[in-house]
Structures are given as structure tokens and as C-alpha cells.
Amino acid sequence: MVVDDSPAFRAAAGVVLGMHDAIEIVAEAASGGEALDLLDATGTDLVLLDVNMAPMNGIDTAEEILSRWPDLRIVLCSARPRHELSPMPVSPKVTFVLKETLDAEAVVEWARRS
Amino acid sequence: VGTTFVTEPVPPDRLEQLVVTNLRTDVIAQVIIATLAIIVSPSGWVWAVWAVRWFVVGGIALSLRALQRDRRDRALHVLCGAHVIGAMLTVAILPEGILLGLLVVLSDLVLIARFGSPKRQQMYWWIGALVAGVLSLLSLQSWTQFGQTIPKTLLVVGLMIHVAITSWIVAGMTRRNAELLSDRAEQLERLRGRLVRAGDDERVRIEAALRVGPLADLEVLAAHINDLTAALDYPDHEVGREARRSPEAVAGEAATAAQSSLRSLRSLCHDISPQQLRQNGLAAATATLAGRAASIECLVVPPGRLDVQVESVLYAAVVELVAASHLTDSPLRVEITSDAIAVIANLSLSTQTWQVSPSVGDRVTALGGSTKPNGLNSIVIEIPIGHAPEGDSDETRQRFTSAVDEHPVLKQFIDASFVFATVGMIAVCGVWFATRKHNVAALVAVLLVVFTLLGFARLQLRKHHVGAALALVCVETSGASVAMALLIPESISASAMTAVVPMALAVTLTDRTILFIIAALQTAFILLIAALGVLRSPLLAAHSVPTAVAVVAIPLAVAGITLLGVTTSARTLNVLNDQRAAIAASVRRLVRARDDEGVRIERDLHDGAQQHLVSLSMQLRALASIVGRDMPKARRLAADLRQQVADASAAMSSLITGTYPTQLAGGNLAGAVRAMADRQTLPVTFSADGAEHLDVHLATNAYFACIEALQNATKHAGPSASVHVHVRELPDRLVVEVRDDGRGFDVAAVERARGLHHLRDRWEAVGGTVVVRSQPGSGTTVTATVPTRATTT
Numbered sequence: 001m002v003v004d005d006s007p008a009f010r011a012a013a014g015v016v017l018g019m020h021d022a023i024e025i026v027a028e029a030a031s032g033g034e035a036l037d038l039l040d041a042t043g044t045d046l047v048l049l050d051v052n053m054a055p056m057n058g059i060d061t062a063e064e065i066l067s068r069w070p071d072l073r074i075v076l077c078s079a080r081p082r083h084e085l086s087p088m089p090v091s092p093k094v095t096f097v098l099k100e101t102l103d104a105e106a107v108v109e110w111a112r113r114s
Numbered sequence: 001v002g003t004t005f006v007t008e009p010v011p012p013d014r015l016e017q018l019v020v021t022n023l024r025t026d027v028i029a030q031v032i033i034a035t036l037a038i039i040v041s042p043s044g045w046v047w048a049v050w051a052v053r054w055f056v057v058g059g060i061a062l063s064l065r066a067l068q069r070d071r072r073d074r075a076l077h078v079l080c081g082a083h084v085i086g087a088m089l090t091v092a093i094l095p096e097g098i099l100l101g102l103l104v105v106l107s108d109l110v111l112i113a114r115f116g117s118p119k120r121q122q123m124y125w126w127i128g129a130l131v132a133g134v135l136s137l138l139s140l141q142s143w144t145q146f147g148q149t150i151p152k153t154l155l156v157v158g159l160m161i162h163v164a165i166t167s168w169i170v171a172g173m174t175r176r177n178a179e180l181l182s183d184r185a186e187q188l189e190r191l192r193g194r195l196v197r198a199g200d201d202e203r204v205r206i207e208a209a210l211r212v213g214p215l216a217d218l219e220v221l222a223a224h225i226n227d228l229t230a231a232l233d234y235p236d237h238e239v240g241r242e243a244r245r246s247p248e249a250v251a252g253e254a255a256t257a258a259q260s261s262l263r264s265l266r267s268l269c270h271d272i273s274p275q276q277l278r279q280n281g282l283a284a285a286t287a288t289l290a291g292r293a294a295s296i297e298c299l300v301v302p303p304g305r306l307d308v309q310v311e312s313v314l315y316a317a318v319v320e321l322v323a324a325s326h327l328t329d330s331p332l333r334v335e336i337t338s339d340a341i342a343v344i345a346n347l348s349l350s351t352q353t354w355q356v357s358p359s360v361g362d363r364v365t366a367l368g369g370s371t372k373p374n375g376l377n378s379i380v381i382e383i384p385i386g387h388a389p390e391g392d393s394d395e396t397r398q399r400f401t402s403a404v405d406e407h408p409v410l411k412q413f414i415d416a417s418f419v420f421a422t423v424g425m426i427a428v429c430g431v432w433f434a435t436r437k438h439n440v441a442a443l444v445a446v447l448l449v450v451f452t453l454l455g456f457a458r459l460q461l462r463k464h465h466v467g468a469a470l471a472l473v474c475v476e477t478s479g480a481s482v483a484m485a486l487l488i489p490e491s492i493s494a495s496a497m498t499a500v501v502p503m504a505l506a507v508t509l510t511d512r513t514i515l516f517i518i519a520a521l522q523t524a525f526i527l528l529i530a531a532l533g534v535l536r537s538p539l540l541a542a543h544s545v546p547t548a549v550a551v552v553a554i555p556l557a558v559a560g561i562t563l564l565g566v567t568t569s570a571r572t573l574n575v576l577n578d579q580r581a582a583i584a585a586s587v588r589r590l591v592r593a594r595d596d597e598g599v600r601i602e603r604d605l606h607d608g609a610q611q612h613l614v615s616l617s618m619q620l621r622a623l624a625s626i627v628g629r630d631m632p633k634a635r636r637l638a639a640d641l642r643q644q645v646a647d648a649s650a651a652m653s654s655l656i657t658g659t660y661p662t663q664l665a666g667g668n669l670a671g672a673v674r675a676m677a678d679r680q681t682l683p684v685t686f687s688a689d690g691a692e693h694l695d696v697h698l699a700t701n702a703y704f705a706c707i708e709a710l711q712n713a714t715k716h717a718g719p720s721a722s723v724h725v726h727v728r729e730l731p732d733r734l735v736v737e738v739r740d741d742g743r744g745f746d747v748a749a750v751e752r753a754r755g756l757h758h759l760r761d762r763w764e765a766v767g768g769t770v771v772v773r774s775q776p777g778s779g780t781t782v783t784a785t786v787p788t789r790a791t792t793t
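Protein chains in written order, with the working numbering: chain L, 1 to 114; chain U, 1 to 793.
Chain U with its partners taken away, still in its complex shape (with noise of 0.2 angstroms):
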């Protein structure tokens, strides 16, 4: 499915990084710990996890020796290998460890998550949350004399400031990655925008390209012709102010004119759409540019066609560096590959540094390539031709909108606890009926609790409350898991796990400052959980629980927890990568539609105006020779010439309002709306409150939104409906709506419709949203509303 189309590589330096770093610190830390162990009591079992410590350390600098010979794989496994044996050997050693030998398999899993290869992260999650079930199995044995060795607020003091930065790290870590993914849609949404106007711009300029040529044109082609008939008809009379002209050369001029103007509407065509870059492919276009100017030397070509759309954004690359190098007049070198990279080098020894225009390279981005300088006086455009065909899949596209809408994961997570809370639930129940012990009958009362709270954030969660039902879930779960650390504290190893899972839900909230409120109580609480667990050492001497539930069930639900917490972090991200990939997908579409746009006009001037005017020009030519020995046929042909002007003249004026409206240049919608209305086949009704006056872009936005939706019903509605559109401005908003009486549709089975497709592109680049509401039998109806001030500041 197209969700991986648009990847931006992660850049390798940023897990090498995060190793150096990883390195530099644990060498600081061994050198804190000898000093400690020194000045403290140097009993065996200290320089024992020293020793084990070294051992991680070599792991690291064997990993980013595999990261700097470009091993990626290879490394992620050294590392992860090295913490996961270092943490079973510390906790095996100091059964007090077990907090830090968990966040450091956390903190293993979220880099995983980041950077390691898609396919096996399944394998390593399910490794991850075994490694944790043992690593709390092995520290339920009897703990060390530790407590006793050291001040225990020093101990308690330090292992807090440790797992505070621990998890911290984690958290950092999960946050950042999803940071970089919302970034990224953000990025692409500023394109989509740009595009979007970048489009509306091209429509403006064809509009007045087309108003001041061929339409003038064909104005003064009809004073000729009139000229024309004026001295036919009276040979010895004045013709208007000018001096008397023979009709001979009145014709020529005529026909002169005729040919002038059929130049300048194909150099027209030519910039809008180029026929030989459509007809022949990129080589050919190429080709032909190098042919008209001597200084361009076009080296390698693919053989064959590439995408329509990578092979008319390299040409307009190269057509705007053509352009450019004939301003220095240097000679240039294209080369393009059958990879779609092209090397447009200026072979000239100038200094200046070359860049493509901002509206190119937005279209290289757009199509998920890159435009980068390469040494001097010489561009690299890449465009990866192996993407995802369109990214307009069903499944991308429900994705996109029900993580809008509902928020899946947190969802997910909730019923997740839910079935997590139940069997716990029975665990306790029969543990207590085993041992009628105190403390085991209140974890039934805390888990009641539990269900309470999780039943009002699946309520909160079904109004749309997305951040209540946040809390809700992290009070429940840190409530629950310092109750857990005190009632049972065998459980503290599962209880830190707990507690740190819904950060990992955080992420996708777009408010930074509840973010960082999230993972600050989290922290708070684990820290609590790890104070109260050194305060009760040794654990097992502890009784709460029977020892046999205690070493099957902590480890089981300490795997269980971490396994959660770390898909339901991958979850998020994929909401988030999946946004994105929908974003891009609808980029990718705009580029195509623009492009489309640009080929239906070029082939509305070249069936249309163009085989007038090359008609025009040949009777012209014959007219002239003919005038003095066959007036009456002279006259006759210069009147139907008259008439084929007039035609002419009428067909261009009927194609530049369908390119782009006059009104629209005044931001008047309406007027815009009301012209189109009159000129559709269907019967079209229309009513406006206001948008006479508005911003330019969002008329222009609103008037191709209303195009698309007649079009959509004049095509679906069937032949006996009639459409009614309303523009409304309110205050703050502008709505437009599209409603027919026609046959209507099933709206869920026809999602995928390429006319709502590009509304919706359209519409949400300016920030809009759009609803369509239909049954089969019952009619449509199309509302888009888009808030006014959003685009006029």
C-alpha cells in the first residue's frame, strides 16, 4: 500500500549519535562507580557489575564500529545483544537493578522501533518482552545487602536521578520520533498548499497569455478582414483612415497576420503543455531543445518513457536552466538516467551557483525526489521512479480519516487494558481465595477502580474528548501501579512497566505542553514505584504473594506490559506516518492534476484555435490570390472568413473563462459561481449570501471546489436532475454547497471516486473540510466549508 511513498532516508549520523553519546556516558559512569565503590566498600559484588558494565561498554564501541562501516543491522544486534546480557548479569548480580535493566530494554525497543529494519521489529518486540519477563524473574531472588551498604536516602536518591533520566531518554526518544514524522506532514502539508496556489497562479498567467495572443490576435484578424471586405466591395474607396490600399495587399496583410499569430499561439502551447514532450517522451524534447540552441549538449538518455509526470517536471528543469544559461550564454550538459536522476551541469567556468526555481523544485518534492547542488555549476534532480503507483488506496485513505476522527490507538489501548484488567482480575480473585490474604483483597478493589476509569476514557473517547480520556487512562494507570508497588511489592518490576506506557500514548497529542505535563507525573510515578520497591527490600522475604504466583505471574506481566507499550508506540507512529502518506499521496495527485490541466488546455488551443487559425491563414492566402481575377468568389470567401473569425474568437473567449474567470481576479465568487451556473447542460439553480469580496486565492479555491462537484453531478446525478448551489459567507467561514435531486450514491463504496479525490485535495489544502452526504435514491449533497481568516492573514 502507498504508505511508504515520499520516505526521507533517516539520516544514519543520527543513530550513530545517540551510540557516541550512549559510549561516552557509560564510560563516565564506570569511572563514577569505581570512585564510589572505592570511597564506599569495595565488596565483590560491585566490582562484579562493574566488571559487567565494562562488558556493555565494549558492545557499544564494537556497534559503532559496525555503524561507521555502514552495518546498520549488524550494529542495532551488538548493541541490544550487549545491554540485554549486561542487564541479565547486573540484575542476576543486584536484584535492585531490575528498574534500570528494564528502561534500558525500553529504550533498546523504541530505538528499534526507529531504526531497525521493519520486517523483523515484530521478532524483536516479541524478544524484548521476554527478555523483560525474565530480567523481573531474576530479580525476585533475595536482594543484596546493598541497602545496607551505602546511607539508604543516598541510595534511594541516586537510583531516582537514574531512572529519572533513563526514562526520560525514552521518552524523549518516542517524542522526537514522532515529532519528526508530524514535522514532516506538516512540510508536506505547506506544499500541498503551495502547490495548490502555485496552480491557481499557472491558471492566471494561461488566462492573460491567452487574453493579450490568440484572442487579440483574432481581433486584429478580424479588422483585417473587415478591412478586407471594405475593399472588395468598394475597390476605389479609402479604407478607414489608412490610404488607399489595394485588396491584394490588404489580403496579404491579412494572411501575413493570420501567420504571426499562429506562431505565437504555438510558442503558447509549446510553454503550456509541450506536444513533442507528450507525443515523444523526455529524449525527444530534450532532444529538440539541444537541437534549437547550439551551446546545449544532451548526453545520456533513457531509452523508453519515463512517468508522464517525472518526465514533465525534468523537462521544465531543464527548459528553466536552458533558459538561464542563455542569459550567461554558456554551454550545458544534461544527463539523465534511466533512474530519473538528471545532471544539469553549465559547462562554463562561472561561479554562480545554480538553483531551480522554487515552483520546480516544490514538484520535484512533490513526487518524493530532490534537487541538490552538485560541486559548482551543476544540478542533481532525483526522482525515484520505483514509488507507489498512486497512494490513493482505500486503505490509506480510511486510515487517514478514522485517526482524524477517533484516535485508533487509544482506543486499542483502552480495550487492550481492558482484557488486560479482566484477567488480572480473575488472577487475583483466585490467588485470594487461595490465601485470604489482606493485601491480595485489595488489589480486587484497585482493579474495580481501574474498570471504573477506563470505562469513563472509552466514554470521554466516543464524544471526541481525546486529551480527557488521556488523563483518564494515565491516572488509571499510574493510580494502579503505585497501589500495585505497595500492596504487592514483589510487583514493582511490572508496575515501573506500567507506568511508563502511556507516554508512549502522548505522542501523537499535538499540544506540547500537555506532552510534557504527561511524561513529568509518569516519571514522578515510576520513581515513586522504584522508591517504594528499594524501601521493602529483599523482595521475596517479603511474603505478600505465595513465591510461586509471584515467579510466574510479575514475569508474565511485566512481558505482557512491555510488549504492549512498545506496539502501542508503534501503532501511534504508523497514525502518524499514515497521515503523512496520505498527504503525499494527495501532493502527487495535484501534480498530476496540474499537469492534466496544462494538457487539456494545450489540446483545447491546438484543436481548437490552432486549426482555425492555420485554416484562417491557408483561405487567406488563396483569397489574396484570387482577388482581381474573381471578385464575387473573393467576396463570398471573405465574408465566410468574417464569420470563421467570429467563431474563432467566440470558442477562445469560452475557453479562457473555463480556465479562469474574470471575477475570480476581484475575489467575487459568486459572480464567478452564477456565469458557470448559466453555462451547464443540467439544470443549475444558484443562491449566494455575500462572497462578492474575497480573499483571491479562496475564491479561486472554492470556484474549481464547485467545478468538480458539478461535474460530479452532472455526470452521477443522472439526466433528469437539476442542481442547486448555495454560496454562504459567514463571519468566520465560507460554505459552499452542491446539492442535486439525482439518482444519489452509496458515499461509503464510492470513496475512492477520483472527482471527490480532487475536492477534497483542493479543499483541505486551504484548510477546509468537506462532507458529502448521499443514499442511493435520495439525492447529494456536497458541503465544503473552509474558515475565512485562516487564509487571509
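Pulled out of the complex, with its shape left as it was, chain L reads as follows (with noise of 0.2 angstroms):
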């Protein structure tokens, strides 16, 4: 699942992480909260979540997430580098991405290993 609010950004994520056979996007959402409601019907393994949203911001609902469904695994990014972002959340199942380095090869490789 990808979840930004830019319409631009979940076009261009679709198309990159789509290259990879391994990789099929099942759902988009332009907010956390709309995350929160597809989740349970859509059968996502992974969810590409942007840091940087409104009202509940990418940090927020990767902690939701985390608690609520503690098998998926969660990709944050972000177009700011992660030190000028607030402390994300330490778990195995959580990884940080820079956006425009998002490489589909690398996604699935992480979501391999952990």
C-alpha cells in the first residue's frame, strides 16, 4: 500500500516499486486515517508510508500500525533527510527511505530480510 498525500508522489511510487515482479501495489491512500480503514481489507504485507502528512502525520500511523498490525512491515519516507525529521519508531519491521532514492530492488531485498 502506498500512502501520500501527493497524488505525483503515489503515481511515481506506483510505477517504480510496479517494475518489481515481487511487487504489486493492492491499495493507495492519501492519509493516515484512510490507511488505517483499508489495511484490514486489502491484505497488504507492506505499506510505503510518507512522513510528512496531515492531520495524522507518516510517524503516528506507523506506531498505529505497529501495535495494530505487528506482522506488516513499513517503509517511511520522506523528500527531508532523516535527521531533520522527529525520532521514528525502533522495530525491525520499520525502515526509513529517502524518496527519491526509493529503489523497488532494495524494498524487497529489506522486506526479505526482516
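One thing to keep in mind: the hints can contain errors.
[Claimed, not checked] Distance ranges between label pairs, derived from CB positions:
1. U/D201 <-> L/V108: 50 to 58 angstroms
2. L/M56 <-> U/Q122: 51 to 59 angstroms
3. L/L66 <-> U/T662: 21 to 29 angstroms
4. L/W110 <-> U/D271: 34 to 42 angstroms
Since the hints were derived computationally from the structure, they do not count as laboratory data.
Quick caveat: nothing in here was measured; it's all calculated off a predicted structure.
By construction, the Cβ of each residue, glycine as well, lies at the ideal position given by its N, Cα and C atoms.
Build the complex: two chains, separate frames, hints provided.
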């Protein structure tokens, strides 16, 4: 599932991730709340989650997801480097990637490892 | 209410100066009096007065001491107390001193209006009026033989000189108070002009930066993607003029170009309005700066957030000084305390004096703060946080507009004079019925003339001829007071006070020559009254009215006139103060509008161009990875990317045009407005006479005023409305009219609307006027007029 308030990024993420055979985009959401509503129905394994969203930001959404769906993997992403953002949840199921360096191969590899 | 925002505390040394001067002149006067008394005839009461004056001198010295210990209120109490007791004793001993006593009381009241605590002023005024009444009562006793001890001419000349000096001082103080206030208003006006200009310059700078930065980058990116498409379609052919490159290499280059333009866009966004500052506050943003350069040490930062504008300007100052310290490569320390005081210190031992740029300085001033160097290598920026929130309250605004249009103080004064004259007329008629004295009957005639003059003054005021109305009031008060002093010698004190009053009214007049003439005339009239009074002493022996009437009516009249004079002068100052407060509020709104504009552009860039570039960059990398493996997919993606770049460029162009249309750089207001009118959602028609080669600054202001008016129309006129914009360049002025046929509104009720405020702030800053005409149901017309000469010279 791709969660970002920018349609341009959702589309691009779809293109980039969709290139890998192991990845299928099952849903898109424009906000953290919408993502939480959709998660049960979609059979998602991995969420690509933008940090910078309102009203519920990506970090809060990630924590909520971790507590409700502990098996889900979360890739937090942002256009800003990690040190400029609030601290992220510490868990083997969560990682961070800079938006423009998003790479399907790397995501799949990390998902298989964790 | 926001009347006291941008308060510049009165420098205490001014009061101290006045008291020192007072002390010095009084000591000199003591020496002169003693010398004269010894030469002429050392009689008992002269020495008694001399002793009383020493008491006053002692009071002044005490007051000076209190001032030096920084106890201003106490100093004022001691000073005025000494003056009052001294004046009463003097008049009790020597009734001829009445005029001097009254003028001393009046000058003390002016002093209090300037330096006293505002809460107690009314109380002071009442006490002052009471003292004036008591003084005039004391003066009614049989006068001494003072007049016979020295030659009468010498007495009159001496008295005239003294009265002239004292009343000149009173007038001078009142005038200086007013000048100080209007000077501050002028300073604020200039600041407002600079702020508007700086805002426009900023737009031009951003527009240029967007054009040479992101827009050019997108064009380069489009070229790269074209190359890529060509390389994908014809992998074996040459690409352009360059040597043959593999599609992988071209895709890699395009991805790198996207990366680098993303980096430059981010730094541009940061320049326009740092997101870090907006989201996490000054503390975090300054800490990031410190993190970036090892030579900055950020010491104290307040917890929580400050006012957004305050944070923004403090941050701008820090950034500026960080840049300056990079040049010298010296360590820097930034301290920001919770009361918005920033101390920025350069820790190296260079001797260069530090200063923030004029534009940051102006923003600090606009927020009511100050910047000053703090020793060597250090700057203190102080911005009060407890200022009034907006200052654009109804009351200030209304008072501001009415002050400009109608001169309310003069109107109130004329109305009060009518009441006074009516009461006087009733009293005089009563006395005349009882005594049948001819001089009392003559007073009735004088009062009739007074009524006529007041009526004419009111008429002139209604026609907005403030100068003529003021002149009539001056003639009325002076003429009446001289006539009174002639007809009823006992009324000398009341007459003298009456003649002083118009001076208080004249202080709002900007024309200093008129002010000077009025002050000179009033002083001359007071001299005349003084001479008449002295020549006719002893007063109660004059028997022009029954003693009971004189004893009751004259102190009352003197008290009333004193009160009227002082409150009139205070109200005049209030009007000036309100004008200043209104401009200050407008200045503050301008600072906020500029910050908001920066935030808007940054957000547009962040949500638009930056997202586009992030997406492009991601996809180009992905494309580079599949080239060679899956050519059809790569071709489809490349075609897609081409479209995306085109969309991004279009969005960027429209953002640039919205920031600063190119036509404005050539002063072509008509062209810029026509282009804008075409982009509106409502049907907008446009017509123009000239306005194609205006002053750039003027064109920019007029353009953004048009936008404000159009946005207002879009928001409020209703969906079915159409708008007509008409720009007319006349030889001496530019007129912009935005007329809609929409719902309309009640102008008085919506005066507060922010859009109208912004329009006014901008337009008044270039010396223009805005008239909004609307009625519910019959559309709205906004007409903005500005003199063209004022801004081109």
C-alpha cells in the first residue's frame, strides 16, 4: 500500500515499485487515517508511508500500524533527510528511505530480510 | 485597544532637562527679584514673595533628586505640588500675580499630559482646574499698592515679558508633544513605504530565482528525457550532436539532473520560508543552523513557540549574521531569551561593528522592536512579545478615518464652546436683571457675536475647511476675552485662560507657519488682557459686578476653561496617537502579509515542483535500471515522464506569473492586469486607458491592489457575478476601478475585512486613497486612486 497526500508521488511510487515482479500495489491512501481504514480489507504486507502528512503524520500512523498489525512491514519515506525529522519507531519491521532514492529491489531485499 | 502598540518610551532625560532648566531660571529670577527689591523699595510683601519662591526652588530641587533616583511619578508630584503651593501663597500675598500663577498651573498640566502616568491624568486635570479656580478667587481680594511702588510702565512691561515667556513655553511644550507624535507617524509612514517596496523586491527576487533555478532545470530535464526517448527508440543512432551514448547512460544523466535540481529547489524553498522554522520553531531551526556550521554556538533558546513573525525576523537576523561570520570564519554565539531578546555575538576579536541589514531592521521596527549594538562584536535585538494582538480593531480604524476626515477635536471644542456660551448668556442675563449695569448689558452683545462666530466656524468645519474654522475660533476666543477684560476687570484671570485655549487646538495643524501665527496672536492677546487687568487694579474696588457674583462665577469659569483647554490639548494628542497606532497596525499587517506570502510560495513549491521532481527523479532511476531489460516498458515510462515534465513546467510557469508577472518589470500595468483577468474563474472584462509605461513600483502596487479587489469579488460577489476592471492613467494620477454586479455588502459592517485592509495598507503606502462603494444587492465598486507624481519623483 502506498500512503502519501501527493498524488504525483503515489503514481511515481506505483511505477517504481510496480516494476519489480515481487511487488503488487494493492491500495493507495491519501492520509494515515484512510490507510488504517483500508489495511484490513486489502491484505497488505508492506506499507510505503510518507512521514509528512496532516492531520495524522506518518510516524504516528506507523506506531498505530505496529500496535494493531505487528507483522506488517513499514517503509517510512520523506523528501527530507532523516535527521531533520522526529524520531521514528524503533523496530525491525520499520525502515526509512529518502523518497528520491526509493528502489524496488532494495525494498524487496529488506522485506525478505526482516 | 491597539492604540499603544509600538510604544517608544519617553526618554527620561527630557523631563530631567526641563526640570533643570526650570531650576536654573528660577534661581536667576530670585537674584533679579532681590536686586530689584533692594533698588526700588524693600517693603514687606516683596520679601515675603521672595521667600515663597525659595520654597518653590527647594521643591524643584527635590523633584530633580527624585528624578535622578528614577522615581518619575514622585518627581512630578513634588514639582507640581511646589508650584501649586507657591502660586497660592504668591497670589494670596500679591493678587497681581494671578496670571503668572495660572500659567504655571497650565504648564504643569501640559507637563503631566506628556510625562505623567496615563491612569491618573484625569485626576490631575480636575485638581489643576480646582487650583486655577482657587487662584482666581484669591486674586479677587483688594490688590496691593504694588502698582504704586514702581513706575506703572515698568510694571506693565515686566509683567508682559514674564507672561509672554511663560505662555510661549506652554505653547512650545504642547507643540513639541504634537510634533514628536506626528514625527513618529511620519517615520512609520516611511517605514511602511520601505516595507511595501522590500516586499515587492522580494517578489522580483523570488521570481528571478524560480526562473533561473527550477524552471530552467525542468527545461534541462525535458531535454534529457527527449534525448532518452530518442536513445530508446533508436538505440543505434547518434543522439543530437553528441557522441553516441547508451540509453542507460542517458537515463543515468537525466536522473542525476533531476537530483541536482531537487537539491537546488530545496535550498531555494529554505531561503523563501524555512519549513523547519515554521514547523518546529525558532529553537529547532537555529539548532539546525548550528548543526550545519561548527562555528555557531546556540546558547539559550526559549521553550515553546514565539509569535510567528517574531520568530521569522529573529531567524532572518541569525541567518544574516551567520553568513557574515562565515566571511570572517569566526565563531558565533546566539542567545535567545523567552522575552524575544536575541543576543548575537561574534566571539572573535575583530573590531568590525556588526549590523543587521536595513530590511531586517525595518521588520524588527515594524514589530515594535529595536536592534542595537551591544559593545563590540555583539548585537541585541529586542522585540516585545506582549504587544496588542493585531491593532486593527474597529475603534482604532474608525478613529483614524474620522480624524483625517473631520477633525473631531475642533468639532467637540466648538460644541463645548456653545454650551459654555449658553450658560454664560443665562448667567449674564440674570446678573443684568438684578443690577441693570451697562457693562453687563454689553456682555450680552459680546456673547451674541461669540454665538455667530461659533456658528460660522461649525459651518466651515462641515465644509472641511479646518483652517478657516480654526481661525474663526481663535478670533472668537481672543475677541471675547479682551472684551470681557475691558468690561469686567475682575474677569482678568478667566479672560487670560480663554485666550490660551486655541493654541491647544492648533497643534494638529501640519502647517507650522499657521501654528506660529496663531501662537503669536494668542500671546499678544494675553499680554493685552494682562495690561488691561493691571491698569485697572485694585480689582474688587472696581465694582463692575456685585462681589458675590465675581466671587462665585469667576473661579468657576477659570476652572472650567482650564479643564477645557487641557482636555482639548490631550484629545488632540490622542488623535495624533491614534493615527500613529493605525499606521503601526498597518505596518504590522504588512510584515505578516509578507511572511504569509513567503509561506504560500514555499508551500506551492513544496507541494508542486518538489513533488514533481521527487517523482521524476525516482522514476528516472527506476527507468535506468530497466533499460536493456524491458525496452517496451522503458519506452512507455519515458513517454509518460515527458508528459510529467511538461506538466511540472506549466505549473512552475503559472507559479512564477502569480508571484510577479513579467509585464510589471516594464511598468506595463495594463498588460499584467489583462493577463490576470484572463485567468480568473469569474467572467472578468478589462479596459485600460494608458497605464503601459508606469513607474515599476507604482505598477506593482496597483497590480496587487487589483488582485486583492478581484479576490474579494471572487469570494463575496457570488457565483453569477461578473467583474469589470478599469485602469485609467490620468496626467497626475492613476485610477484603478474594480466593479462587480454581485451581492454587494454593507460597507460599514465589513470594513474590517482583511482583504480590504490589505488593499488599503498597500495603497496608502504609496500615498493613495481607496473608496469602497457597495450596498446589499447592488454590487460593489472599489476605486483606488494614487497620485503618479509622488511616486515617480
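Do the hints match the structure? See the list:
no., hint, verdict
1, U/D201 <-> L/V108: 50 to 58 angstroms, "51 angstroms, holds"
2, L/M56 <-> U/Q122: 51 to 59 angstroms, "56 angstroms, holds"
3, L/L66 <-> U/T662: 21 to 29 angstroms, "52 angstroms, violated"
4, L/W110 <-> U/D271: 34 to 42 angstroms, "35 angstroms, holds"
In terms of the numbered hints stated before, the structure departs from hint 3 and from no other.
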